[in-house]
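Use these hints to put chains B, C and D onto chain A, whose structure you have.
Protein chains: 4
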Amino acid sequence: MSIAVIYGGTRPNGNSEKLTELVIQDIATEKIYLRDFNIQPIIDMRHSEDGFQERNDDYNSIIDRILPHDILIFSTPIYWYSMSGTMKNFIDRWSQTLRDPKYPGFKSKMASKKAFVIAVGGDAPYIKGLPMIQQFQYIFDFIGMEFAGYILGNGNKPEEVLQDKVALFAATQMRNQLIENI
Amino acid sequence: MSIAVIYGGTRPNGNSEKLTELVIQDIATEKIYLRDFNIQPIIDMRHSEDGFQERNDDYNSIIDRILPHDILIFSTPIYWYSMSGTMKNFIDRWSQTLRDPKYPGFKSKMASKKAFVIAVGGDAPYIKGLPMIQQFQYIFDFIGMEFAGYILGNGNKPEEVLQDKVALFAATQMRNQLIENI
Amino acid sequence: MSIAVIYGGTRPNGNSEKLTELVIQDIATEKIYLRDFNIQPIIDMRHSEDGFQERNDDYNSIIDRILPHDILIFSTPIYWYSMSGTMKNFIDRWSQTLRDPKYPGFKSKMASKKAFVIAVGGDAPYIKGLPMIQQFQYIFDFIGMEFAGYILGNGNKPEEVLQDKVALFAATQMRNQLIENI
Amino acid sequence: MSIAVIYGGTRPNGNSEKLTELVIQDIATEKIYLRDFNIQPIIDMRHSEDGFQERNDDYNSIIDRILPHDILIFSTPIYWYSMSGTMKNFIDRWSQTLRDPKYPGFKSKMASKKAFVIAVGGDAPYIKGLPMIQQFQYIFDFIGMEFAGYILGNGNKPEEVLQDKVALFAATQMRNQLIENI
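Heads up: the sequence lines are chains A, B, C and D, in that order.
Quick note: the first sequence uses full-length UniProt numbering, first residue 1, plus one each step.
Quick note: the second sequence uses full-length UniProt numbering, first residue 1, plus one each step.
Quick note: the third sequence uses full-length UniProt numbering, first residue 1, plus one each step.
Quick note: the fourth sequence uses full-length UniProt numbering, first residue 1, plus one each step.
Rather than coming from a laboratory, the hints here were simulated on the basis of the structure.
Just so it is clear, the structure is predicted and the values come from calculations on it, not from any experiment.
Please note that a few of the clues may not be correct.
Since the list gives no way to pick one copy over another, a pair counts as held whenever it fits inside one copy or between any two copies.
The list that follows gives simulated cross-link-like pairs (lysine-lysine, DSSO-like), each with its CA atoms no further than 27 Å apart [claimed, not checked]:
{"#": "1", "residue 1": "Lys102", "residue 2": "Lys157"}
{"#": "2", "residue 1": "Lys114", "residue 2": "Lys165"}
{"#": "3", "residue 1": "Lys18", "residue 2": "Lys165"}
{"#": "4", "residue 1": "Lys165", "residue 2": "Lys109"}
{"#": "5", "residue 1": "Lys157", "residue 2": "Lys107"}
{"#": "6", "residue 1": "Lys109", "residue 2": "Lys18"}
{"#": "7", "residue 1": "Lys165", "residue 2": "Lys102"}
{"#": "8", "residue 1": "Lys114", "residue 2": "Lys18"}
{"#": "9", "residue 1": "Lys31", "residue 2": "Lys157"}
{"#": "10", "residue 1": "Lys107", "residue 2": "Lys165"}
{"#": "11", "residue 1": "Lys102", "residue 2": "Lys18"}
{"#": "12", "residue 1": "Lys31", "residue 2": "Lys18"}
{"#": "13", "residue 1": "Lys107", "residue 2": "Lys31"}
{"#": "14", "residue 1": "Lys114", "residue 2": "Lys102"}
Extracted from the complex, chain A is given alone in its bound form:
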């Protein structure tokens, strides 16, 4: 089994990345930093005669990179109690890919994957991050992916998540879970 990590953070070495590094260190992964790419918001053309139009951005190249993998890790800072807008735009575009003849079987391919979420926030993430977890559950349910686990970490200042002992332990456990799956 192979792993792709989709990073939604906008700050290199931010807390969500740091925590994710602990999970995947020394494990081969495909790392995708969404901030390095141009991902346009979806333009909803589901009901237009011509259907969705090419956005001519980097979105498809990211889909091409994640599709071969069996496990997807969504790593995002908690901005305003949800995933980053960057990651949200990436997921919004799935609606387009679901109807894109260049990606036949997109849903069933996604449905064969397992998903993990790693999210770090600074304002009571263990409580105020819960709606985001529920949304990820709905997202994975829709696309048919198994939601195999998540970690909510607490951190605001650089590297602060490294003080969150429960999150660090959960990272170790998720790491073991990944190693068993590979």
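For chains B, C and D alone, coordinates are given in the frame of chain A:
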């Protein structure tokens, strides 16, 4: 009291817009269609020495337009069980404005406003839209705004929300609430 | 199709009952006021050799009354942001009935029903009642029932819910939905 | 600082109790097993001329036992995606105590305490237990208590929670937190 409407939809005359039109028809409002503007994702520079950098996009011009108003209506389709990525990027940027010397008192200015949410989705919005409502509550709590009401409507195909009688009635009630407030 | 209404309120003519009456007036229903019965808390004996023991209370008689019906309406005041403890004890006992040889096929019988929820609370029920709705969804999912609709009403003092125009309209709509189903 | 533990489970040595024991072992605590007491459901008399009536059960004796403590641990199995009906009935009765002249200052006394929650369930508690956590947050917010932490554990069969390594580690951390507070 004056009203600004912030539209997060990407399809002109989409269901969330249609429902919003019923709420505000014949009421003077400042209408902001986020899809018509270039809003870059936030780059988190809170912990950098230099602080946030100008993004040179249209974001500040939108802030300039909403600040004079007393009531903000957030109108968004439900994409993947949350607000559109376009609207999320707009809100994410508030973190920058909160630290922007060009916008002194941003938080207290926002805190004097009332917020309404109008959201339409096609996959059981009355259940699966609830985490999004909880997130808006957290967002408004943080910034200090009163969350004065919301409508969740059901609709997928064009104009389908106009069949959702409870949503239409709630629109009438929200409209009355706005008229009383003006 | 026939309808049973399960009332969790402890005050006769409380707000949740009032709102429910608007939904079902002039429709034949089996009305079950849980407060009139002795319903003991479950004693979890799933893992005991002897299994669950008879509690010798009124619980089974209520199950006998709801099983023949096609539609169940759960009508409860929101106490402390959830259904009343009385109603919770009633639902907790389903775990016993699921293993009770006197009720073969309990799950599949329940799974053929449709469920509605009517709940009234006095502290921002449109927001703070949402976790309860999510729990009802999980409950109905587990037992296999369709969650056909819900109303959250606002009311604290006697009859106050009759001022909640959106709830009243939603009651009319739920009523129409029931009439179409009968 | 002193600690009271309120157990909502109905099975001696159930998973939620087991996990709680790990948190409090060798720490002096007042242990209250709700199943050993007769706690009647609330009868809502807020709007009656005569007010609430004595229920002549064991409820007040439990309030007497928790009031002297600084920290309250709510330990409950997750039944049907929420706290046990037994624990819910106990909390529902707070509405009566808030108006009981025999308990002047009940709210402010409760508001000076810290609350912890330990809950174990067998059906995806990390996801489906989240609405319950949100409800505890609302409960503690209302009464003014600090929500100092929670653990969600996974377990169905006896002692199964002892296989949930993240929950066990979180128990160790909560234990340390308690020791620092004493």
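(message) Of the numbered hints stated earlier in the document, which are not met by this structure?
(response) 4, 6, 7, 10, 11
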